[in-house]
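What follows is each chain in one-letter form.
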Amino acid sequence: MTVSAAVATDLKVGSKAWVERHGLSAVETCRLAQLELARQDRRFFSLEADLGDFGGFPFRDEFPDRYIDFGIAEASLVGAAGGLALRGKIPLINTFASFALMRACEQVRLDLCYHKANAKIFGTFAGLQAGFSGPTHHCIEDVAIARGFPGMTVIAPADAVSAYWATLAAGHHPGPVYIRLAVDVTAQVYGEDCPFEIGKGNTLRDGGDLTLVASGLTVVAEALAAAEILAREGIDARVLDLHTIKPVDRELLATAARETGLLITVEEHTVHGGLGGAVAEAVAQDAPVPLRILGIPDAYAEYVGPYTEHLRRYGLDAEGIAAAARQALTAKKGR
Amino acid sequence: MALTKVSEIPQADRWADLKDIAHTLRHHIVHMAADSPGAHVGGSMSVTEILTVLFFDGVLRVDPAQPKMDGRDYLIFSKGHASAALYAALAERGFFPVEELKTYKQMGSRLAGHSLKSIPGVELATGSLGHGLPVGNGVALAGKHDGSSYRTFVVMGDGECQEGSVWEAAMAAAHYKLDNLVGIVDRNGVQEDGPTEQIMALEPFADKWRSFGWEVREVDGHDVEDLSRALHAVPFVPGKPSLVLANTVKGKGVSFAEHAHSWHYGKLSGDQRDRALADLGPRRLREGRS
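Protein chains in written order, with my numbering: chain Y, 1 to 335; chain Z, 1 to 290.
Don't take every hint at face value.
[Claimed, not checked] Taking beta-carbon pairs under 8 Å as the criterion, some of the chain Y residues facing chain Z (in silico): (1) Ser76; (2) Gly79; (3) Cys105; (4) Gln107.
Hints are computed from structural coordinates only; laboratory data are not their basis. Here a beta-carbon is modelled for each residue, glycine too, at the ideal position from N, C-alpha and C.
Take these sequences, add in the hints, and give me the full structure.
Next up, the structure:
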């Protein structure tokens, strides 16, 4: 019901007020942005794998001839997206992040990326949001996988506002794009205005002692909260929202490295090959400084539990990030 | 190379022409397998008549002068390992010079072992099996949506049909009533490790396709008349995807390669090349053919 109401709103679409009035999650604002794209341009198709009814989205009702459900068959879905793209369509692929990128990994690789298909993948349940569902439904490897495909753009919006603008930007960006999302309502980062340019990170807070580089739902907000905690202790942390993990904003990172001398990356993803890897690759070449990579260690979760408890356990909440920052700063000063 | 319209060729000459073209393609395949690091000989020799009828009997509505022509039919050659046969057909049909076949798998050539998308006439880079049919669905769905009359032909190997993605796509094609989609399976009965029925049985193969909602016709995949009748009759039934199950012989025409899984892939030595050419017999070029 919230989604239908959000379609016919009197608030500024894509704003914090709009998100909060209707209680929208990132995947919901993303779907609403897809609807907007489809209204503007007949080339947009919505492709689903038995998750299209998720939340009662109106795409099927408004554009039945551009809505295709492939059932529980991701290779079929992604392959067909490649075929539609060969005919100049722009397929918007909606399914769980792990299914699109892992079950249909080779179709993403060959039928989309190798052919530079103008297709967009919107992966839900990225990270640990499916907390109680267990590791089969956690998705902690998607960024590493998506980043490996030549030509793939990889985006992790920070909140529901950012997800809206990221989806519109992706729709107008040629070539394959992967956007990682989640279904729960998450903390808001952006207000009325959300500058979103693919490949250009946003500086959310200035600071000179260290830089928190975060990407994705929840953790960007947690990084901002961590900066508040650190500020009370006299530590001045810069906070970057690196919403585009590939191509990474090397200039922004190099400047932060030179000006603050310490980078700490924060992501709801394995510490191997995700945001931390992308930042390490960039700063090691452009402006090497000490770097800490916060994320999920090299193991699958052993316990079920609520999302917030998982984040706390992995040190990805504000307290955990602040503690890691303190430790890294001390270690740096002691060198 | 200007081709005479199919309708203007007397029937007897038409079949003879097609057989001669297939024969020419086999000669090219032998040379490619001898002059390169190696080629998928077995599957190239088995698919030769299928490609001949598609390209030279007026089945595929394509124009070599305009490979990206609007409204063209799509050929998705899903058994991309049989690239030698595909390149031979594309070259003879005029998509690129026949002379270029000599560069097959040579340094700097675009004629890779598995077809690249940059080659004129190649719609989809293939080689990893099980990709063609899902992509073909997408092309066919776009055609249905746009009300376009082009058709999509997907050529698959039989061993390839052990991939689950083929059956996911087979289900979707029938579900969406894609009668603008034609699957052609080169049923040569042999895969890399041995006979399909020993490695991973496909039979009852035609029944599998039927049960997935396809209209099936079985043909002799080396009989150009049989193939032509089937491929000119698609869709076999309105509202259903069509499947041509072409029974073929792996390595057809080269005695030592026929039915031999060891010749799924290989390089022909000078001696083997000479024996293969002797098996085929001298090229029978008709007037006007290159």
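We went through each hint and held it up to the structure:
no., hint, verdict
1, Ser76, "4 Å, holds"
2, Gly79, "2 Å, holds"
3, Cys105, "11 Å, violated"
4, Gln107, "7 Å, holds"
Going through the hint list in order, the structure does not satisfy hint 3, though it satisfies all others.
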